[in-house]
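Each chain, letter by letter, is given below.
There are 2 protein chains.
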Amino acid sequence: MANITKKVSWSSRTDESGTPGEGTPLLNGSERASHSRQDSQRGRLKEIPHNEKLLSLKYESLDYDNIENQLFLEEERRMSYMGFRCLEISRWVVCGLIGFLTGLIACFIDIAVEELAGIKYQVVKENIEKFTEVGGLSISLLLWAVLNSAIVMMGAIIVAFFEPIAAGSGIPQIKCYLNGIKIPRVVRLKTLVVKVCGVICSVVGGLAVGKEGPMIHSGAVVAAGVSQGRSTSLKRDFKIFEYFRRDTEKRDFVSAGAAAGVSAAFGAPVGGVLFSLEEGASFWNQMLTWRIFFASMISTFTLNFFLSVYHKNPGDLSNPGLINFGRFQSDSVAYNLYEIPLFIAMGAIGGLLGALFNILNYWLTIFRIRYVHRPCLQVMEAMLVAAVTATVSFTMIYFSNDCQPLGPEHSEEYPLQLFCADGEYNSMATAFFNTPERSVRSLFHNQPGSYNPLTLGLFTLTYFFLACWTYGLAVSAGVFIPSLLIGAAWGRLCGILLASIPSNGSIWADPGKYALIGAAAQLGGIVRMTLSLTVIMVEATGNVTYGLPIMLVLMTAKIVGDYFVEGLYDIHIKLQSVPFLHWDAPATSHWLTAREVMSSQVTCLNRIEKVGTIVDTLSNTSTNHNGFPVVVQVSGSDEPAKLCGLILRSQLIVLLKHKVFVELARSRLTHRKLQLKDFRDAYPRFPPIQSIHVSQDERECMMDLTEFMNATPYTVPQETSLPRVFKLFRALGLRHLVVVDDVNRVVGLVTRKDLARYHLGKHGLEELQLAQT
Amino acid sequence: MANITKKVSWSSRTDESGTPGEGTPLLNGSERASHSRQDSQRGRLKEIPHNEKLLSLKYESLDYDNIENQLFLEEERRMSYMGFRCLEISRWVVCGLIGFLTGLIACFIDIAVEELAGIKYQVVKENIEKFTEVGGLSISLLLWAVLNSAIVMMGAIIVAFFEPIAAGSGIPQIKCYLNGIKIPRVVRLKTLVVKVCGVICSVVGGLAVGKEGPMIHSGAVVAAGVSQGRSTSLKRDFKIFEYFRRDTEKRDFVSAGAAAGVSAAFGAPVGGVLFSLEEGASFWNQMLTWRIFFASMISTFTLNFFLSVYHKNPGDLSNPGLINFGRFQSDSVAYNLYEIPLFIAMGAIGGLLGALFNILNYWLTIFRIRYVHRPCLQVMEAMLVAAVTATVSFTMIYFSNDCQPLGPEHSEEYPLQLFCADGEYNSMATAFFNTPERSVRSLFHNQPGSYNPLTLGLFTLTYFFLACWTYGLAVSAGVFIPSLLIGAAWGRLCGILLASIPSNGSIWADPGKYALIGAAAQLGGIVRMTLSLTVIMVEATGNVTYGLPIMLVLMTAKIVGDYFVEGLYDIHIKLQSVPFLHWDAPATSHWLTAREVMSSQVTCLNRIEKVGTIVDTLSNTSTNHNGFPVVVQVSGSDEPAKLCGLILRSQLIVLLKHKVFVELARSRLTHRKLQLKDFRDAYPRFPPIQSIHVSQDERECMMDLTEFMNATPYTVPQETSLPRVFKLFRALGLRHLVVVDDVNRVVGLVTRKDLARYHLGKHGLEELQLAQT
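Chains H and B, in that order, are what the protein sequence lines are. Numbered per our numbering, the first sequence spans residues 1 to 773. Numbered per our numbering, the second sequence spans residues 774 to 1546.
These are computed hints drawn from the structure, not numbers from a lab. None of these values were measured; they are calculated from a predicted model.
Here chain B is said to cover these stretches of chain H; the calculated rule only asks that three of the stretch's residues, wherever they fall, bring their Cβ under 8 Å from a Cβ of chain B:
{"#": "1", "region": "265-273"}
{"#": "2", "region": "289-303"}
{"#": "3", "region": "531-541"}
{"#": "4", "region": "548-555"}
{"#": "5", "region": "578-589"}
{"#": "6", "region": "702-716"}
The beta carbon of each residue, even a glycine, is placed where N, CA and C say it ideally should be.
Build the full structure now, drawing on both the sequences and the hints.
As structure tokens, this is what we get:
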């Protein structure tokens, strides 16, 4: 089992295995870990889905709490009011840059996809037209399938071999990051490059995917990069924004980046802000929200501007976003009270179908974890899916006899005539022989009568399974658009069926309207975001009239779907055994107190500690602690000492690297005082302890931690209930919470894993196993 | 000065003066208070605006932190998972009810205003028409002025004499409530009734006011009432929702109510959620947000449904909100890149005008505080304003010679012909002789050419001063609509002027578009909300096309306006000396620590304390403490004892009332154990200590606080920096934060006032005076 979990992991690269885990010392932690490993041996024999009962110890936590040591306080006190104003201004500048670059990337992806897909469809279309009359359409099929596979292969290779973390939509990873979990490699430049190239390949390759999810991830990477003023990968340091080199600030910017990504993807700046808030907002702050909003705004603006130039209509900014659902004119398609129950019923259908999608995808993912974990297998699977997608599409188009007259305005981009009469086109082809965004738009806006019900039914069925198979492949791609497309198809089908019911003259059931509602229901059923999704849909359709029905539909879909299974992203997060903290502690956890929850074998350091002890503590791979309470011994007493601070592994490593030893400081009076800058320069990739050489003499020296430790860590008494501990931990974004007794002696330490391991299962409160996977 | 501050206070009723203030014991607190009184004596002689440097000790804090005493924990532990599910469901039910009732109230206000204003304008119109030809229009003027004054008088009387807290828009009060400050009487049923009647009178009375702000307050009152399942005013207890009878839950519901109010007022459910978040969201939580969203949704829905029935078009739900800006059709009025700088310039103008408005209103408020504080004077001022408004309007209409042809569709509700030719109407009258909502809509949507520039300029000028004079009167009324109207007028003027610039053929500068931008700029300049206001504007106009320009404009207006003066609501909050906590501690406050900030003469109670001591402590009016750390004495030591809990005044009062004394418990074995229910029944109006009779014998009894105190209060060490204390306090919504030394002895207590008194002034960090006003 441990093996299995390892293989899905978002960063299964061996070079990461040396990274120290959060490593809370558990009460008999090693025993528990081995126990879970035994479990897993048995588990492998009988049943698979056990590994979601595991909690990986591999993921570290971000530290949203400022480390208020003396260095930090001195810097803050030195800084004038103007200094803070300048910082605030540079935060705005950074957010502007994030928005601008995210918009540019979105623009690049959009144009690249448009151009390349155009070429591909043109080639295939000409080929099909050539062979339609001659016969031998199987050659066209072959051409199409091979083209798709080849393009997808490129995308899959870079993902599978170079940066596995770039697979998928990236939204689960960003959710985790905003939740406060450090996912290795997730915000690196290399990930961004692979992600962008990967998503272009997968969309052009004709997979049932969208380019929107990856945009959100891209925005986050841009934000993490820009805000640090340097690139560790490129080894360039611009010496700017050094103040922002810590988790607190970086995470704020990543929120802004994610929002900018949503904003660019859907033309939904407010939706972007809400997305960031829904996912990571225990740290809401008005100024931060405005900055996030600013980044979103700039991002949409940049995208619109460059796209308007590309579309030879410079300056027309009224069509925002990568995806454009087209405008719904409210007058023609308003809804009425009696339609509300229908919408709710569609929401329920969306919830059911979404749950089915998620369950199927869950099984598929388990299968992939077991059998498809080698990169070359992953590439082959992706190619297979691409070929099958092309074949299925071709077959559906081939056997469809739904011919529609070509409209005068040529709303279809690549109308396929095939066996239709002149002046007509194959209606199935508008759904399959097109980028998914265009298909969605056709389903929303084509005239009533453009599709016949059979076409829509077959399309829904096949696309549902294709999309389900596709999500989780080793390609970078999102699930938003496929979900919308499935929903739009069955929604339009509902609309057509409803319209066929004889009614007394009223012009009800415009199929485009029902397509929109269906799309919302299906998407809601799969991803289960409520508030942000409503706003995104409203902004993307450019009309608030449907706000109310969309809300109702999304709520219904969520309630129905949650009854069966969690949202798709949450499933994937669980399968990674990530210690994800929900909003509140489980409801029935009041009988647990900090005493039961905490890890009690805490390694404490003295305020003035021997270097040798520190090195040994850090080198102890069995515990791998990251935070160490600092204590002062009561003179001549045998009792545990009193808490006086908290110091992190990363800080100790910097101290060791710079050899900040008491003896050396005395001997060399000119010794440069260690500054905050030294810590910032090392951030975020602190060297492992193994790379630091400490001689035998130096081991005998002493280190004074007073100046560097956080002198006022948050503490709780042992009797504090779990919900209370949870609230403090979550609201402040802590990484370590020290548990003390009534005279301030350290008795334990609470970390993210200690809290995340309690969750509400079907049979009440359950405790997850911790495993060093 | 102390006098002056007292008279503005939102609850200046003498019967409130007995209410215990938060009453943190200050290090030489009384000295400081008297000092400030001296100061104020001098201040009165030389300069007025001093009282915003005061911080009133009168306002109590809400307690957002659950009191986790043994009773509470026992109840939570007894509760099954199903119990929590039921609670969750009842939360949703309550939110649904809140939304429904808020929608109904909005509907009632809207219909009442519509009908009554209709009658009034019809009467005046007929009168004017009668006298236009005969001559003697002064009689019409008199009629109009008297009608207005009489109606406004009714509104002013109920507000000034019955419930002064119902004056104004109520938004500052709700902001304070969401910030965690208990404003007396603000969420009572009586306030709601007065508010609703008051707002109808002021709008019908023709004042330059809107009915939207009061809706937000009404929603909050509804929420506070419904969620408690009883009305203390009506002495009815429905014995439901008893679990929600504490500050934590009540405040969540009040957030939902405020959101529902916004949603009903503007047809903006998402805007409502964002409003609640912008104002009170240090306690954001996903489930809560969804509930708030649900309440907003139901509210809009209810309002729409009933209005659609009223408008004889039942079931048509596509025109949401009390205010309806009409639909902007995006195709006709899209914007272009080169218009962005124009929009930004308009934003700057809005910021400037907004700042001017706020400064004038600030001076006016100071004047009112000094001279117009008696209720009858307030009523007379309101009547005067009403009469002046009518006179000015009449004069403007009379001297205007801007005649426009009557459109075929009769878009004007009350077209006044006056001296115009037949088939024409007086254009000035559409702006003045109308409810403000209708005027806004005309400015947005009337055809280019409906107004001439002079009309608009004069209208802007007069309405600006009228609105400024009106805000702060003792009538319940909002400032949203007047701001929008002023902005729309000068915005349209800008549009007309721009259109007159010769351009090369392009159809730029649709005046309606510029009216919209101007409205946003003016409103943003006055109230300075950014994110929520953008969404509200977008939702109210029913079109997301203008999202981006509106954002830009609001941002610009905020930046420009903030340079001069704060937002209108913040000014009024400051003038009340409310201890409002901002999002972060002042930037340059790192040199302050808990030691400097805390109040250090803390009255501690022993875990088993003599009843006499408790009664004396509570009766001590000079301190008026509300929270008491509970300590255990180290046996035979003279040192301060160790902290073991925290108990509130309200809890002690309930204990005294039920005579929970150790001796009594022993003597009467059948004595009923005190339950959480007893505390809930007393919530929120705990009796004052004076009303509890304790005999001399009982004074000698002991009380065991163990079971009732919060055994795990949050603590910080003395060295904690102010920003860190602030963050903990704000993020958890605390009321008392105990400061301890390194062996857990109580050394001080931090309350809201200790944090709120530091603020960033023009000359760096300033400390406000505390005064028992």
